[in-house]
Amino acid sequence: MMEDDETRYGHRQRLNERFLKSPIRTVPDYEVLEMLLFYVIPIKDTKSIAKNLLRKFGSLIEVLDADQTQLIEIKGVGQSVIIYFKLLKDLFSRLHIPSDLEKKFYILNNWGSVINYCNLTMGFQKTESFKILYLNAKNILIHEEVIDYGTVDRIAIHPREIVKSALTVGASALILVHNHPSGDVSPSKQDIELTNTIATALRSINVTIHDHIIVSRNDYYSFKTNNLIKT
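Mapping the sequence shown onto UniProt numbering, position 62 (from 1) lands on 62, and the numbers just tick up by one.
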């Protein structure tokens with residue numbers, strides 16, 4: 001083993017040992033990222049890569065949510081790192097909503113998990129998207145569907161298609177979710193009108209909207225809490 005390799009191995013070993021002895025969330029972000037990269041970059045210095053990633057994207061969650069074309073611009077980042085980051089993000093999203101072996105999720109009994117899941121999967125997106133969570137009579141998630149990307153007033157959201165999907169999967173209720181990349185989760189006039197148009201269409205088949213949630217990176221807005229859903 002070359003001297004540089006021995007030095008690098010010793011550094012990694014010391015960092016791992018220090019991490020094991022440290023309380024959770026006390027090790028700096030760049031060192032956490034550096035350690036994560038140990039597992040996909042075995043023979044290179046990962047400290048500089050970690051620092052460059054954080055310098056470019058600003059935070060750990062931003063790094064994990066970064067577009068592949070942006071990640072590949074960082075020296076030392078290759079396909080294995082991109083796959084690893086996507087795998088981590090996928091894992092975190094699964095942890096936020098408990099699932100059984102059939103991958104159905106309890107929703108209303110784990111409301112905090114729903115918000116975390118929506119924030120994680122949608123809150124950091126650079127463009128606006130619209131998702132529907134379809135629930136059965138026991139409030140278990142039986143299907144989820146991303147309608148489109150863009151801005152809400154420009155997305156081609158057709159209430160009839162949502163009604164058709166609800167009937168197809170046998171849904172008893174829905175939760176609408178979309179994100180505001182600007183960070184301001186206040187609903188627009190179009191958001192409110194669209195929600196109540198969908199609610200009206202669903203009443204004809206006895207399907208209700210439990211809520212419409214707007215998420216951003218660090219915040220969310222509930223239509224139900226703010227009495228914006230007509231029943």
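Hints in this document: simulated from the structure, not taken from any laboratory. Please note that the accuracy of each hint is not assured.
So the derived label-pair ranges between C-beta atoms look like this [to be verified]:
no., residue 1, residue 2, range
1, T168, L95, 25 to 31 Å
2, I24, S48, 21 to 27 Å
3, L87, S188, 32 to 38 Å
4, R203, I83, 23 to 29 Å
5, E17, H158, 27 to 33 Å
6, H158, I43, 48 to 54 Å
7, H158, R18, 18 to 24 Å
8, T168, T197, 42 to 48 Å
9, G170, G58, 16 to 22 Å
10, H158, L228, 20 to 26 Å
11, K189, R160, 18 to 24 Å
Idealized CB from N, CA, C, for every residue including glycine.
Verification of the supplied hints:
1. T168 / L95: 25 to 31 Å: Between T168 and L95, where Cβ atoms are some 29 Å apart, the hint holds.
2. I24 / S48: 21 to 27 Å: About 25 Å separates the Cβ atoms of I24 and S48, which means 21 to 27 Å holds.
3. L87 / S188: 32 to 38 Å: holds (35 Å)
4. R203 / I83: 23 to 29 Å: violated (45 Å)
5. E17 / H158: 27 to 33 Å: violated (57 Å)
6. H158 / I43: 48 to 54 Å: holds (53 Å)
7. H158 / R18: 18 to 24 Å: violated (55 Å)
8. T168 / T197: 42 to 48 Å: Taking Cβ atoms as reference, T168 and T197 lie about 20 Å apart, which means the hint is violated.
9. G170 / G58: 16 to 22 Å: Distance hint for G170, G58 is violated at roughly 43 Å.
10. H158 / L228: 20 to 26 Å: Holds: the Cβ-Cβ distance is about 21 Å, inside 20 to 26 Å.
11. K189 / R160: 18 to 24 Å: Since the Cβ atoms of K189 and R160 sit about 22 Å apart, the hinted range of 18 to 24 Å holds.
Comparing the model with each numbered hint stated earlier shows that hints 4, 5, 7, 8 and 9 do not hold.
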